[in-house]
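Using the hints, put the two standalone chains together into the complex.
Each chain, letter by letter, is given below.
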Amino acid sequence: MNQVFNTQNSKPKTNTNKRELLFTFQSIIVTALLAFTAIAFFYYNDLAILKGIKVIFAPFLSVVPLLFILSILRDLRNGFKEGNYTKQEIIKFGIITIGITVVFTGITYLLSQIGALEILLAAIIAILSAVFFLRAKIKDILGMSIITGIAEGIIIYMIFLF
Amino acid sequence: MKLKQVNIAFLVTTGVSVLVFIYLVFLGYDEIKTFKDVIKIVASILFPIPLLFFVRFILIEHFMPTNTDAYKQKNKKPATLLLIGAFVISLLSMQLIEFLTQQQLENNLIFAHLINSTTISSYVLNFILYNNLKVNGILSGVLLSLAVHVFFLSV
Chain V
60 MNQVFNTQNS KPKTNTNKRE LLFTFQSIIV TALLAFTAIA FFYYNDLAIL KGIKVIFAPF
120 LSVVPLLFIL SILRDLRNGF KEGNYTKQEI IKFGIITIGI TVVFTGITYL LSQIGALEIL
180 LAAIIAILSA VFFLRAKIKD ILGMSIITGI AEGIIIYMIF LF
Chain Z
2 MKLKQVNIAF LVTTGVSVLV FIYLVFLGYD EIKTFKDVIK IVASILFPIP LLFFVRFILI
62 EHFMPTNTDA YKQKNKKPAT LLLIGAFVIS LLSMQLIEFL TQQQLENNLI FAHLINSTTI
122 SSYVLNFILY NNLKVNGILS GVLLSLAVHV FFLSV
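Line order of the protein sequences matches chains V and Z.
Heads up, the first sequence is in the working numbering, so the first residue is 60 and it goes up one at a time.
Heads up, the second sequence is in the working numbering, so the first residue is 2 and it goes up one at a time.
Isolated chain Z (complex conformation) (with noise of 0.2 Å):
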């Protein structure tokens, strides 16, 4: 029973990052001119995926740990304030950046492509590797920020 709520909140969690990725091929559709665009885009997309592989390689211990009672006890508070921690700091910063540089988020779909598949990438790692509740936690914060930001605050 236990499992299958995580698998909810994995395959939501998910879901709601596949949305924000299918969001931002199509806002960027008229910016994908040339082949170049499409190269950059794929290249970003992939980016995550190489260092995943190495870090996977070199952190090799830890398989599939046990997600017990106990340590979900232990762990729900700290990986809710780090949710909400990495939420409100991820989106201030991304205002911040926007604020300073001028310039929207959506113009610069590179760095949006890049942080979503990043983000989701090392999610899947985590959610099927290591389990992780508190870096669960700091991952769900900055794709829920990134969604946010990208669907409600940008004009």
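Okay, chain V solo, but in the shape it has when bound (with noise of 0.2 Å):
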């Protein structure tokens, strides 16, 4: 048991770095989710394709302008606070979370009334677009709590509406 915990020493120092961890396990359970909403409204909507070539390009119509943006854009944030966030802060995002959960809600209901798989593969591509965005390029708490929103809302969905 011992050991096990003191695996968590040699994880990296820093503050900056651990938040770096959490951003990145964050970022990935957020795509593991849309994955799962993906999955789970295809097989339970029955959604057909309706015109397979679509499928093929509906990847290409976030990832291209996200490249795009990637590739002409300086770091938006400074990046992670070594130090403590203030009381202020922690309610102003607090706050944030709780409207882009409520946001997502929503934004989930809508792709639950797509009717065709292609559409619905763009839609799920541009949300993970937007996230990858966040996390290549809003290093901050602000993308960490936007991120936070949008897995917290995909859950809400699928346990209170679903």
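Hints in this document: simulated from the structure, not taken from any laboratory.
Just to be clear, a hint being listed does not mean it is correct.
[Stated by the list, open to error] Keeping only pairs whose Cα atoms sit at most 30 Å apart, straight-line, the calculated DSSO-like set for lysine-lysine is: (1) Z/K135 - Z/K77; (2) Z/K135 - V/K113; (3) Z/K73 - V/K146; (4) Z/K135 - Z/K75; (5) Z/K37 - V/K146; (6) V/K196 - V/K151; (7) V/K196 - V/K110; (8) Z/K135 - V/K151; (9) V/K146 - Z/K75; (10) V/K140 - V/K196; (11) Z/K37 - V/K140; (12) Z/K135 - V/K77; (13) V/K151 - V/K77; (14) Z/K73 - V/K77; (15) Z/K37 - V/K110; (16) V/K110 - Z/K73; (17) V/K146 - Z/K78.
Below, the structure is given as structure tokens:
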């Protein structure tokens, strides 16, 4: 048991690195949840492919702009803070997270109304691109609260409304 | 030696909650009929994880506090009181909600899963990172009351 806990200490020491690690984990979770949503809606709503060619082009719709933006934009935020956040910041970003959660519960509801697989795929990949954009450029508590909101919105929709 | 004792307590509590978890899964085995139920249960188990990452992200300080004897001595009494308080309050509130809505918790397994998985995750997080004995008391009380409720008080 002690060994299990001691592996914790071999992680990067500074708080900035820890925050970065948590942010990475969070974005992996969101990616998994989005894939989960796609699979769930695909099987549950019996989606059909209306036009096969559209499935191939669905990802390009959002991946191409993403790559372009990523290549021309510099980092938008200063990165993670080393120290603590003040109480005011915590309240502010908590409210942002709750807001994004509500918005994403609605967006997931809209996704569940989609009738064709290719449109669902395009929508999911668009959200995924947004997540990767946040992951790459807005490495900050703002990005973290948005990603958390997305994840919680999907989960809350799945639990209570699906 | 002290650390060892705490670890045993940790193992026992986690073991109890995992047991409740397995029991809930078997209890709901007949309920799981469609793919939808599986999705709901998976979602309710996953629910606390992004929140915990977020909380950890904000409250990055106080990493691995020293679990000294003085700290334990000081927090022993309030932690025990909080344990009993949380136990009684959550047991009563669960009974009250069942009484008011005239529904059994077993019929709404999603909520049982939600309570269980949220409490386990926060317990593990608190134990590994903050080791706040008062929070430990509250969470143990909630877990215990859920276990008692599911095992003994539900007909």
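Evaluation of the provided hints:
no., hint, in the structure
1, Z/K135 - Z/K77, "8 Å, holds"
2, Z/K135 - V/K113, "56 Å, violated"
3, Z/K73 - V/K146, "28 Å, holds"
4, Z/K135 - Z/K75, "11 Å, holds"
5, Z/K37 - V/K146, "40 Å, violated"
6, V/K196 - V/K151, "21 Å, holds"
7, V/K196 - V/K110, "35 Å, violated"
8, Z/K135 - V/K151, "27 Å, holds"
9, V/K146 - Z/K75, "27 Å, holds"
10, V/K140 - V/K196, "15 Å, holds"
11, Z/K37 - V/K140, "41 Å, violated"
12, Z/K135 - V/K77, "25 Å, holds"
13, V/K151 - V/K77, "22 Å, holds"
14, Z/K73 - V/K77, "28 Å, holds"
15, Z/K37 - V/K110, "27 Å, holds"
16, V/K110 - Z/K73, "66 Å, violated"
17, V/K146 - Z/K78, "29 Å, holds"
Checked against the numbered hints given earlier, the structure breaks hints 2, 5, 7, 11 and 16 and satisfies all the rest.
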